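Asker: Can you build the whole structure from these sequences, using the hints too?
Chains P and R supply the protein sequences, listed in that same order.
Here the first sequence is numbered in our numbering, starting from 141 and rising by one per residue.
Here the second sequence is numbered in our numbering, starting from 141 and rising by one per residue.
Rather than coming from a laboratory, the hints here were simulated on the basis of the structure.
One should not assume that every hint holds.
Remember, identical chains collapse to one label, so a pair may be satisfied in a single copy or spanning two.
What the hints assert, rightly or not - Cross-link-like lysine-lysine pairs, in silico, DSBU-like; alpha carbons within 35 angstroms at most:
#1 Lys351 with Lys494
#2 Lys439 with Lys263
#3 Lys579 with Lys351
#4 Lys177 with Lys263
#5 Lys494 with Lys347
#6 Lys163 with Lys295
Remember, it's a predicted structure, so these values are computed and weren't measured experimentally.
Spelled out from the first residue to the last, the chains are:
2 protein chains.
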Amino acid sequence: MLDSRIINALREVVGKDNVTTDKADLLCYSYDATQQKFMPEVVVHPSTSEQISRIMKLANAEKIPVFPRGAGSGFTGGSLPTGGGMVVTTERMDHILEIDQDNLVAVVEPGVVTEQFQKEVEKVGLFYPPDPASLKFSTLGGNVAECAGGPRCVKYGVTKDYILGLEIVTPTGDIITTGGSTMKGVVGLDLTKLMCGSEGTLGIITKIVIKLLPLPEAKKTMLVLFDSIDGAAQAVSTIVRNKIIPATLEFMDGRTIDCVRQATDLQVPEGARAVLIIEVDGDREFLDKQAQRIAEIIKPLGVVETRIAETPAESEALWQIRRSVSASLRKVNPDKFNEDICVPRSKLPDMIRKIDQIADRHGVPIVNFGHAGDGNIHVNIMIDKKIPGELEKAERAIEEVFKGALELGGTMSGEHGVGIAKAAYIPLELTEETAAYMKKIKKALDPNNILNPGKIFLDN
Amino acid sequence: MLDSRIINALREVVGKDNVTTDKADLLCYSYDATQQKFMPEVVVHPSTSEQISRIMKLANAEKIPVFPRGAGSGFTGGSLPTGGGMVVTTERMDHILEIDQDNLVAVVEPGVVTEQFQKEVEKVGLFYPPDPASLKFSTLGGNVAECAGGPRCVKYGVTKDYILGLEIVTPTGDIITTGGSTMKGVVGLDLTKLMCGSEGTLGIITKIVIKLLPLPEAKKTMLVLFDSIDGAAQAVSTIVRNKIIPATLEFMDGRTIDCVRQATDLQVPEGARAVLIIEVDGDREFLDKQAQRIAEIIKPLGVVETRIAETPAESEALWQIRRSVSASLRKVNPDKFNEDICVPRSKLPDMIRKIDQIADRHGVPIVNFGHAGDGNIHVNIMIDKKIPGELEKAERAIEEVFKGALELGGTMSGEHGVGIAKAAYIPLELTEETAAYMKKIKKALDPNNILNPGKIFLDN
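Answerer: Laid out in C-alpha cells, this is it:
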C-alpha cells in the first residue's frame, strides 16, 4: 500500500473521486485477457494529459511504477500491474474530438472504444479498417499501444498504418506531440510509429490523430469448405499469387470446425476439414467478377462446397460462424493458450503440418484458426490445467510452435505483442544486439524505469 | 586528411581499390541536390554489412564521423559530409536478392536504383508504388533513409508503408535485423519504421525487405485546366470529399504553366491558371466510371478544359508536361529554393493564398506545383543569388512559408526531410520537449556521435 502522502498528492492532481485504493476496485484493474492477476496499489483515473504529466512527474520523484491501461483486453499482459504501483486508466478520456471529412482525419482521446469509433465514422461514409476481435470493448489507445490487427489487415494493414500523429506523456512527464494531421511528414524521427506497438513502455498516449479511408461501396462474403487444411492453405497462396488481395481471408482448421459445429447449427458436409471465409470489398459491380474469379482459381484445391452470401444478412450469418470460434473452443478443454504466430503466407501449409506434429508429439489438442491472408495464425493449445503435467506439456508445445514459426521466417507474434506472456521467449526471435538497441531506447527515455517496467523484456 | 594508419585500416576492410582519397574522386561525393559542397577526407565503397560493421567500429575507436550515402540525390543535404570524415557509399551493394511472388515480398540491397527495382517487379505483375521524382537515379536505401514520397503516395502511402524489415549496422557497429518478411509482427519496438526517415542518423541500412502489391490492371490519366488556382485546390477537396482517392492528384499553378509553356509545346488555352493531373488506377472497366465521376463533380469549379488520355502514349504525353516542370523553372531565375511543405489538403487554397502574399511582399517569384492530393506542395522560390539582397529576401520568404504551413496545421517537410537545409527551422515545428525526446534516442544509440553528425538537429 502506497504512503498516504502519495495518495493525497494523486488526489490533488485528479480529484478525490478519481483515485481508488479500495480493494474491490483494485481487483477490477488487476487482470486482463491473459487471466493472470497482479494487484495494483492504486488506480488513478485522469481526464487530461496535464494530469497524466503531473502523475508521471510524481511517479518519477517517488519511484513508483506506472501501468497505463485501456480496456485491459490484451492477450499478453501489457497492461498488468506486475510491479504493484499505479494503474493509470484512460477510460475517462473517451471523446471523439473531431471527424474531418475534408481531410479524412479524425482526432480521438485514447479511451474511445474501437467499434464505437468505427460506427461514428461509417455514419459519414468513412472507414477505419483495423478490426481486432476485441473491438466491442478494446480502446483505440490500447490498439495503438499494442498495434492491434484483425481480419481486414490482410488488405488494409494494421493499426499503425492509420496513425498519423499522437500526443503522449513521456516517461518523465513531458507532454509532447508526434507527427501531425498531414498525410506526409518527415520532420525529425518518427516517434509516432515508434510508439505504436511499444506496449505502453515509452509513453502514455493521450490523443490520437487517425487517418481514415472512404468506406468501400459494398462487400461480398464467401465461405469455402475444403477437404484438407493443405488445400485451404494453398488456396490462400493461389489467391494472392493471382494478384487478388481480398479484404479478409480467414481460415479455420478441422478441429475448429468440429468445435463450431457443436456450438452452433452450422451445417457442414462430411469430409470438410478446413474453411476459408473470404470477403472482397469495393465497387459493387467489380465484386461479383472478383468473387467468381476466386471461386474459379481455388476450385482444383479440394473445394467441397462454396457458399456466397447474397445479402447482408447472409454475410452476417457466415461471419457469425467465425465469431463463435473462441467461445466454442472451451468444449475441447477448459484452459486455452492463445498464441498468434505469423509466417510468410506461402509457408502456411508447412506451419500447419508442423503444428499437427507438435500436437501429436505432446498429446495436446491444438486448434488453429485466424488470419490466413497475412499468415497470422491463432494457435490455441487446449489443456486442463488441473491435470498434472498438462501445463508443462503446453509450455513445451508453445516453445516448439514459436521455434517452428521462426524457422519458416516468421515471428512469435503478429498482433498480440510480447507483454509478459512472451518476454521469456524473446531470445528465440531477437539477437542480443537487436534487443540491446531496443533497451538503449527505453533506458534513454525512461531512466528511472517507471513506465510499465517488466514488459517486453525492456527492463533497465 | 586522415592519418595513413586509418586509411590503411580501411583498405584492409574493403580492399585497396575501394578506398578513395584522390581529390577528384572526393569531389564527386562532396555534393548532393542542394548544390552545397563539403569535402570528405575519404570515400569507402563497402560491399557487405560485415565490412560496414568493421568500418563503424573503426570510426568509433578513432572518432571519425561517418556519412552514409546512396545516390546523393537528396534535397536537404542528408548525405553531405558536413564534418569531413568518411563517406560510406552503398553504391556497390546494388543487388535485388529476391522477388517472392507467393508472398509479395522482395529483398534488396540498399544501392538498388528505385526505378530499376520497379521495372523488375512489374515484369512479374507486381508493384512498388513510391515514386520520388529522383527515381531514375535515387537508391532504395536513400529512399528508406529519407522516407521518400512521390505522386502516387496520395493513394498508396510513402516509402515507410512498404518497408517490412531491415538489416542495419548500428552507429556502434553491430549488425542487427529489424522486422521481418511477414505482413505483421509486433515483437519488440518497431525499429524498422524508426529507421525510415531517420536520414542516416541511427544506422546504416544494408538490406531492405519490401512489401509489394499486385500491379493494378490499368490506369487512366486526365489533365484538367482551371481558370483559378482556387478552383483547382477546391477540386482536390471535392474529389476526396466524394470518397474518391485517385492514384495521383498533382497540381501546377499559373506560373508553373507559364514556365512549362515556354519549355515545351504544351498548348494551353488563355485563361488557364492552374492544372490538375489526375490518374486513377485499378480494374479497367471501373476506371472509365471513376474518371467520368471526377470530371462531373469538379466541373462547376472553373474547369476550362479536360483532356483524358485514351492510350498509354497519350497518358505519357500528359505526364511529360508534369516532368518538364523542374527543368523549365530555370527560365524564371537561375537559383531555386525547393521547399516541400505539407498541409491538410483542405487548407490548400489558404496556403496558396498565403504563398502569393509572401511572394508579393518580398518581390520574389514563387512557383508552386506538387502533390496536391496529400497537401504536399513544392514551393519553389526563384532568385538570382548574384543580385545583392536576393538571397536574404528568399530566406525571409522561406521562413514565412514554413510558418504559414504550420499555422494551417501542416509541416515544413512532406518528403524531403530536414538534413542541414531545414535544421535551423526545427524550433518552428517541434517543441523543445519533442526535440529532446528525439535527441535522447540519438544519444543512446550513437554515444560518440559518429553517424551523420550535424544532421536533423540531433547533435549530441
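Asker: For each hint, tell me whether it holds in the structure or not.
Answerer: Going down the list of hints, with the structure as the test:
no.	hint	verdict
1	Lys351 with Lys494	between (39 angstroms within a copy, 26 angstroms between copies)
2	Lys439 with Lys263	between (38 angstroms within a copy, 27 angstroms between copies)
3	Lys579 with Lys351	both (30 angstroms within a copy, 27 angstroms between copies)
4	Lys177 with Lys263	neither (39 angstroms within a copy, 55 angstroms between copies)
5	Lys494 with Lys347	between (43 angstroms within a copy, 29 angstroms between copies)
6	Lys163 with Lys295	neither (45 angstroms within a copy, 51 angstroms between copies)
When the structure is compared with the earlier hints, violations turn up for hints 4 and 6 and for no others.
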